[in-house]
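Chemist: Here are the chains, one letter per residue:
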Amino acid sequence: MKGKVLLISISLLFIALFLLFPLLVVFSEALKQGIDVYIAAITEPDALAAIRLTLITSLFVIPINTLFGLMAAWAIAKFNFWGKSFLISLIDLPFAISPVISGLIFVLLFGSAGFLAPLLDDLHIKIVFAVPGIILATLFVTFPFVARELIPLMQSQGTAEEEAALSLGASGWKTFIKVTLPNIKWGLLYGVILCNARAMGEFGAVSVVSGHIRGLTNTLPLHVEILYNEYSFVAAFAVASLLTLLAIITLILKSLMELRFDRHRSENQIKEGESV
Amino acid sequence: MSMKITDLSMSYGKAKIIQDINLEIAEGELVALLGPSGSGKTTLLRLIAGLETPDSGNIMIDGLDATKWSVGKRKVGFVFQHYALFKHMTIFDNIAFGLRVRPKKLRPPKEAIEQKVMELLQLVQLDELASRYPAQLSGGQRQRVALARALAVEPKILLLDEPFGALDAKVRQELRKWLRRLHEHLHVTSIFVTHDQEEALEVADKVVVMNHGRIEQIGSPIEVYNHPVNQFVFSFLGRVNLFRGRFQHADSASSVGYIRPHDVMLSHEPRNESDMKVIIKHITQVGPLVRLEAEDAEAKNAIEVEMSIQQFKELNFSVGETVFANLEHIKVFQNA
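So the protein sequences, as listed, match chains A and B.
Residues 93 to 368, numbered by our numbering, are exactly what the first sequence covers, in order.
Residues 336 to 671, numbered by our numbering, are exactly what the second sequence covers, in order.
Incorrect hints may have been included.
[Claimed, not checked] Some chain A residues judged to face chain B by a derived CB distance under 10 Å, without partners named:
1. A132
2. G250
3. A252
4. A256
5. A257
6. L258
7. S259
8. L260
9. A262
10. S263
11. K266
For the record, the hints were derived by calculation from the structure and aren't laboratory data.
Beta carbons are placed, not taken as given, at the ideal position from N, Cα and C, and that holds for glycine.
Here chain B stands alone, though its shape is the one from the complex (with noise of 0.2 Å):
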């Protein structure tokens, strides 16, 4: 299904959640919607999905103005934060649910509906557990049986919200590979929405970068960490560096440089004129990286650089030492 998103708008109270959103998503893809909390990226969700009403824009599913139409007529499947099963039904039921309340005409028979939820069981590998209860999964397990809920209706838009956001960091990146493996075999729409830039880039076609209610950017998770537009963007999406308007390529004073802690190269001898001069005051290693906290020698800012464990030992730098930090990679961007 695709979906596209004009100008959309909408308050609470004095508040501005949502602001002139503008988003075309086309069928098949799988889109992130990355902010921070309080960005608006959940309320945009709503949305989308006909929980929340916009004061104003439009929202097309498939051609269609679908602004107006109700939760179950959009055929959206939600997967909820914290999944929201429903406690006294089974895991069975739970996910039977959506094809059993279907209006006589339009329900599956019986049978069809027991076969259609062993499926679904299977496909998020939980079949042994049908006749347990919600309270008797892990976080895990409760996650995939809200997703199997969701599908099970054949929705044409899949929308998630934090899907991993309740689990632990091991779950997480399992579920994130196997939601990605998934969406390669069912191939429909679907949004989710995070905090986490990791998630958004490794897991995501399309990220949509969002703050204080606004669309900051919109690109293939490459195109954003690699060509963030601003400010926001850059420094949202990883670690960054800050300089203010007092180096080399700076134009005025009320310029910003970023560059990424990988993308500041450190030497033993300076290796042009513009280098800086910084004395290393902590060496920590982070799994396969090994970060490095060092001090400008003039302005005593704090700099961070990351660099492979395979780099540092041909280097071999210790705490103390004075370096040269190379900023050839740094960004501009001039403060409005």
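For reference, chain A alone in the conformation it holds in the complex (with noise of 0.2 Å):
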């Protein structure tokens, strides 16, 4: 019992300390010199440019991992084929590698020095030091996410629903549309809003493909570390509040996906015992 106790009282401690201290701090820097200073830094121009960048960033980023995503678990999950081992760590390499290398590929590849720089100056295309390059980082960096959240699902639940879909006469389409997605659809959910997250949060990978362009090239953490440096310590904090409002949001979607992604798998599960 005491033994309980402790354990509990030193989580919790340990928890105000690193996550909920540093989480008070924000927001109360943030509003430190009023409501009216705090909506003023996250209303100028730079500020919202970043917003901008963030957000449309994430528009691109989510719709493309989730369809790869889904793809490479397909795959992955419903077929057998050679170097499939080898797939699924390659798809874990993002994880594996520090975001500031994953940033430094891309400017090896697309810089101006770079692999491929010839051929982009001839076609006049810039992706390091601007959107192209924040996109594809943020691409590379936030992959994982879709698919590692996927595979076990898929391969929990084998193929003998969309045979059964197949067998009945529907085209591969309509199978995936009406069988394969509501089986999927809280463990999709759950990866989209994790690479959401993520996405949006990235420091890293954008970092050394940015430039630090003002109101061009930053993304919000960008935007950020910036202000930071040049000791606006208040629109630091403003602007970092609303990445911790992401954050905490994204927080709460997760626990009310994993709730209902719980209660969905353990009646599955239900099923599966009944019928043994």
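Hints given; two lone chains; assemble the complex.
Modeler: Set out below in structure tokens:
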């Protein structure tokens, strides 16, 4: 009993000190000089540009990574092919390497001294230190979220329902829409939410490819850093509070999702259990 | 629909799952694919459905080469072992699925679909459960939903993978009879996979006995039971006593004799000189049968004997008694 109280107290204290306290600091620093200053800080043109760029980035990244995550998970879960385990490891690659390195890869590929520089120059396409580079780097870093979430789920569900649908004459597309998607929707949403949180919050990779051009290639996290380095603490914390809010919303959605997801899964397990 | 399978083979890596299968199925037949697990029977069923692709060989459906046809084009109704019902749909929607996913031109009007589904629900005696979800049904009910769903698209052939495998003994018995009746009523060509010889013998018109990816014997239930062509079929279709190369009819030491427990006749006095002297070790009653375990007085081999309760009462055997076993129904196979 004593041990239990002790353990819980230590955990709570730790959480308070390292998670809750910083969270409070963000908001208290942001609102230190009153609400007017706070609002001014997040509505000045550079901040708005950063918000816009962050939104644009995730607007591109989320659909693309959802689509590719779905396809990769589908291929891995429903088919057997040579090199499958290699593909699974490859999907984890962005998790395994430092985001800074991820950013550097794109600079080396598309930068002015990069591998593809001559070609891009001819076509007058600018990738590094521009929006396309930011989107590419974010795509790379957030690729695993949807696929990782879906692979175990789809593997555990097997292919029987899809086969049943096909044998009843459904086309591949209808089978996906009417049978597969309803079965994975919670897992998919969960993956998308995590992917979005990371896409909006990514710093390292984006920092390398962005070039930090104010009002043009600064995302929210980069904008926070610049403000901070300029000693505009209140503004930095005000913008940071936006990202913090995003994190809190993500957390709430994630918990709700997990609740639905678990209930869904345990229902399925009861079904399995009964039929045996 | 009639079907002709020629030289069908399939391997998975190095393992040969299906080897040189030749099989003809006539319109309206009810066929059982019977074999132990790993004999390739489910794979053969999936090949027929188009859920697997063969390495070589042909499948002809109604005289047309269907080997390369997709699952949808073959117009088969497939009932999966664990039913594979759509968890997120009601029973009604499950059964209606096959009709609703048709292209617009071929899709029946809404009322027609509704009527068809209700008819099928009545056929499988589940009309009151239309708005339930699969999770709320018992195993036997789910099985019948799966069947109704497969029948909704009016398949030319019905394929059932271990249809009663996951059910308890009593429900199994009922569903077996029900399936038999249903087949008589609908007359759709049907193939079902089972590892239960009793099920195959009781339900099917034709039994296909499989082992190691090959067909061992094809015949009516009576044929395969009474005239098994080899040792495997003999021992797989029921209980057997096995004698190796040292009994009356044996020509050589490499021959093996098989006799079913109910074909062994026991008596208190020898009926002819070749009768075997045995000692009764155990007597147990299994339903309407009495099963006696005896031991060969000389070689100490165990022999199993079955007889009806009436017979047992008339003859009145007891444990420890020495009696005579008549083995005239023994069937001898030469070991290759």
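Chemist: Next, verify each hint and record whether it holds.
Modeler: Hints, one by one, checked against the model:
no. : hint : result
1   : A132 : violated (50 Å)
2   : G250 : holds (9 Å)
3   : A252 : holds (4 Å)
4   : A256 : holds (4 Å)
5   : A257 : holds (7 Å)
6   : L258 : holds (5 Å)
7   : S259 : holds (4 Å)
8   : L260 : holds (4 Å)
9   : A262 : holds (4 Å)
10  : S263 : holds (7 Å)
11  : K266 : holds (5 Å)
In summary, the structure is inconsistent with hint 1 from the numbered list given earlier, while agreeing with all the others.
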